[in-house]
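Taken in order, these protein sequences are the chains called A and B. Just so we're aligned, residue 1 is where the first sequence starts under the numbering used here, counting upward by one. Just so we're aligned, residue 313 is where the second sequence starts under the numbering used here, counting upward by one.
The set of hints was computed from the structure by calculation and includes no laboratory data. No residue lacks a Cβ here, since even glycine has one placed at the ideal position from N, Cα and C.
Cβ-Cβ distance ranges computed for the label pairs, FRET-style:
1. B:Gly419 / A:Lys4: 46 to 56 Å
2. B:Gly419 / A:Glu179: 30 to 40 Å
3. B:Phe418 / A:Glu179: 30 to 40 Å
Reference excerpt, derived from the structure (chain B facing chain A, CB under 8 Å, subset only):
4. Ser428
5. Glu435
6. Pro437
7. Ile447
8. Asn449
9. Leu451
10. Leu457
11. Asn458
12. Gln477
13. Ala481
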Amino acid sequence: MSDKESTRVEYGKTLAQLGKEHPDIVVLDADLSGSTQTRHFAKAFPERFFNMGIAEQDLMGTAAGLALGGKIPFASTFAMFATGRAWEQIRQTIAYGNLNVKIVASHGGVTVGEDGGSHQAVEDLALMRILPNMVVLAPADGPETRAMTRWAAAYQGPVYLRTGRLALPVIHDDTYRFELGRSSILRPGRDLTLVGLGVMVHACLQAALVLAEEGIDARVVNLSCLKPLDWELLVDCARETGALVTAEEHMVTGALGSAVSEVLAEHFPAPLLRLGLRDTFGISGAPERLLQHYGLTAADVAAAARQVLARK
Amino acid sequence: METAETAMPLAAPDLSRLQEIARQVRLDIIEMLYRAGSGHLGGSLSATDILVALFFAEMRARPDDHCWPERDRFILSKGHGAPALYAVLARLGYFPREELASLRQFGSILQGHPDSGCTPGVEIPTGSLGQGLSIANGLALATRLNHLPSRIYVLLGDGEIQEGQIWEAAMSAAHYRLDNLTAIVDRNRLQIDGRTADVMSLEPLARKWQAFGWHTLETNGHDFPGLLAALKACRASRGRPSVIIAHTVKGKGVSLFEDQAKYHGVVPNEEEYRQALKELGAS
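Given only the sequences and the hints, what does the whole structure look like? Please build it.
Quick look at the structure:
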């Protein structure tokens, strides 16, 4: 195994394996099966793969119908088009109808890179998080992607799972099992909590190492299950560490930063700094350069940690 | 280009029975909407005969086992026609007829637009227009994969097909050769703001569906022999989906409401209510 894995690639491989185990799994794509990695399933099970062409609204409606007919549809395209173009189809039919559709969308966040703002979904998690019945997941590495994909296939109900382009370090081992509504502490710490999601979990872990050299003991949480939210874990973190930083490849409104703010405001007010995009769209550039531009590097997380500690 | 086939009339032994059911359903619709004080009158009345033909003479279903896996499936894509669907489902015994009086009220099993979570016999929530055909396609694909004999029926409003998703789905159904699917367009030529021809033209409608690869028929949507013959022709068609353009009159059955855009979402006042009952021969 390589030391880095991309969440979209691991999704594609897992889906093809699941196809052997679950004859009722069907997969739909909107002309992006190479990018979303559903092509592996398409090759192995052509009779259970439906390319819907460049028509995301029809993609979601057809997936809904397949679920209604007893199938387990995985519908994949880019996160921007899945949640943006077809939001109302997801809302009206899949979420309102509480249908067993798995929306697995690739190319979440600014690390899409060179394609620019049109293709960088920085609103998708917010758009899915406000929907009743919807489970919202954003895995941080290969093992977590594999576990979540397997979990989604077995779960009855609508799921949104965000994958990304970047190859990421492996932080979980293959015994990792996903549990709905639970998030995990990746690194213990007493001075503050760094809460990351997706790509930003890795920046949080690196920042914790930097902070440790300065004598700051940072806890790191991987908040990969955004809905239902593990609010008890967040309250414990606020109570035990007294300050938090959230970091996400998304707008600071509507997703991780908002969710943590809501929990703290209602249950245990504590100093908080949110890292993410602030009222702006993405731009073209290499992924690493864009993370720098938007203040989403390990150094930025460490700087935010020092700032929020001063407010304790 | 082939021309639209015109459905051949069929001698239907139960013709008078269907007509009587349709009259009763129309009375139920008037009663429900008058009591509810809101809802969609015109499009419920235009769709009544189509729904009666489907549910009482065409579809295989078990009202006492509404999750029967081999049932034929119906999707009311024009969800605002819910009163007509509810009246038909109640008459078939999917739920007690007394429930009709609770339409649109707090706690009712009969929501303003269809909600499968509340109403037995309703397959999927609809009401936001343009989405039912995609769902029907998915059901048709699932039915084929499951080797089930079920047929899938979807009723579209004519104004509704101004939604772009309908034409995405029209492409998909033809691409996947969904011959177990029949779409019916309730072609009443009116929408909220006026005539479809004035708001957003749909013609040449039959040629559009043909160009998208559909087996296309036209019939009078209030004529049972015509409707049943068209549905039979759809069942016999192979290798492509079928669409029936059912020419209807909005508000059909009550002269006051017929062909009037203003009764799209307006319910009868007391005087209109009494006249409607009289015209429909309420006992």
